[in-house]
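One line per chain: the protein sequences are A and B, in this order. Each residue of the first sequence is one higher than the one before, counting from 34 in the numbering used here. Each residue of the second sequence is one higher than the one before, counting from 33 in the numbering used here.
Mixed in with the good hints, there may be bad ones.
[To be verified] Label-pair restraints from in silico Cβ distances: (1) B:42 / A:346: 32 to 40 Å; (2) A:222 / B:61: 26 to 34 Å; (3) B:49 / A:50: 27 to 35 Å; (4) B:86 / A:141: 51 to 59 Å.
In case anyone wonders, no lab produced these hints; they're calculated from the structure. All values derive from a computational prediction rather than experimental measurement. Glycine residues also receive a C-beta, built at the ideal position from the N, C-alpha and C atoms.
This is what each chain is made of:
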Amino acid sequence: MDQAIIIEKSVIIIAVFALTMLMAMYSTLAERKIAAWLQDRIGPNRAGKGGILQPLADGLKLFAKEEFFPNTPNKFLFIVGPGISMATALMTSAVIPWGDRLHLFGRDIILQATDIDVAILYVFGVLSVGVYGIMIGGWASNNKFSLMSAMRASSQMISYEVAMGLSIIALIMMTGTLSLREIAAGQSGMNWNVFYQPVGFLIFLVCSFAETNRTPFDLAECEAELIGGYHTEYSSMKMGFYLFAEYASMFISSTILAVLYFGAYNYPGMDWVENNWGINIANILGIIALFIKLCGFIFFYMWVRWTVPRFRYDQLMRLGWKMLIPLSIANIIITGLVILLAD
Amino acid sequence: MSIETVSLSGRKKEVSNKKMTFAESLYLVAIFKGLMITIKHLFKKKVTIRYPEQARPLSPVYRGQHMLMRDEEGRERCTACGLCALSCPAEAITMKAAERTPEEKHLYREEKYASIYEINMLRCIFCGLCEEACPKQAIYLTKSRVMVKPSSDREDFIYGKDKLVMPLEMAIKNTQNQAAN
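Okay, chain A solo, but in the shape it has when bound:
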């Protein structure tokens, strides 16, 4: 019994890890393709059919680059920085329910690496540690531009975490649970949380843009002012790790958006499929449904990136502290009133 559980969980963890890596890899290609299409271009199409091998070529190029170390007394921290970024981006995926359950080999397999009952707190905790990756990397670079970028990134992430946390409180009041699995299960049918919490969803969406350091909140990599941002001094695969971590965390935050607000693995007619075609097919379709949703969010991330210019630092702070936080507090109060009146 114990052995079976260890094998089952290991398989899920390895599958999720591989999938995150694959998605992050192909997000880089998708980003370049979508950028090209939105600008009436074709995009990379030379490596493999339609550019399908482009991410491999990019990876190979990064591996072949010179490993440069700046004159810094903190070589260890310099190496640890990208590692933390990558690790936190990957750790979040542990609590995401990819599907309900599969019935294989005479036992129920829950499609989640671990079902902890404070999953949302765990996600927020890990996300906060993500700041350290950028901060340590930028500081250890011994470069003023890197440091300035790291300062911006961390102050941005910390301020938007507040609004993000407040927006999620309204959702938790509604669902009454902190477990992602129960939140996902509670959205069966078309009871997606986005229909009950549209304002909360919007705030969460904006904040997740800020948390992943994506445009319009990519002040940390503002090329015009800060050279390359916190990874100015990085080269070779260490820089690859930073870039990769950005895409991995974009994938994860898209997944979290889909799980929290867009019904996770639920799709219309899931019960019917389960009754008629069996639980396995119903859940495999569920996994596909989740992937369609999260790919939609990834596309949205890219779509916004190639539409909206970067905010100024003061605009960013004003939006975070003066707009989103009051809005999310109002959202909490209204949700609370509605829940009270409904009882």
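Starting from the structure of chain A, add chain B where the hints point.
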């Protein structure tokens, strides 16, 4: 109408410094409008020309590599009058004239011909004034897409008669085509 409000292009917009309302300062509506504009471009025809496979169409007045023409009997038309060199604004053309001997009658049309004819491709600006100046219709700028070959030696860019005179096979083909018509 005062001068400040006149807009010749019809696109002049007054800058307004009015305070944004709360809804506006969330930027959501403005961003949504922008998203709708960019999504339209996703489905538009792509303007990229995939270069090695596709080439950009040439303009009808395109001027490429020079060629010293032969007449219908395959004789060189150039008489080394030097008008092309004179008209050349970049001073790229030099030539040396020589007198035709009776045995060379089948080679050169006029009694005088260019024994050396050189164009410095580093100086040439492909303006086509040599073509316009030529009284014998001897020099033409072709529609050839072939650019001057790169080299690390400056001497390689001075094109002599070996590179400029129309190949004989081409002259024969031209004459045959003319006869057929």
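Hints and how they fare:
For residue 42 (chain B) paired with residue 346 (chain A), a C-beta distance near 36 Å keeps the hint of 32 to 40 Å intact. Between residue 222 (chain A) and residue 61 (chain B) the beta carbons are some 31 Å apart, a value that agrees with the proposed interval 26 to 34 Å. Between residue 49 (chain B) and residue 50 (chain A) the C-beta distance comes to about 52 Å, which lies outside the given range of 27 to 35 Å. Checking the proposed 51 to 59 Å range against residue 86 (chain B) and residue 141 (chain A) shows it holds: the Cβ atoms sit about 57 Å from each other.
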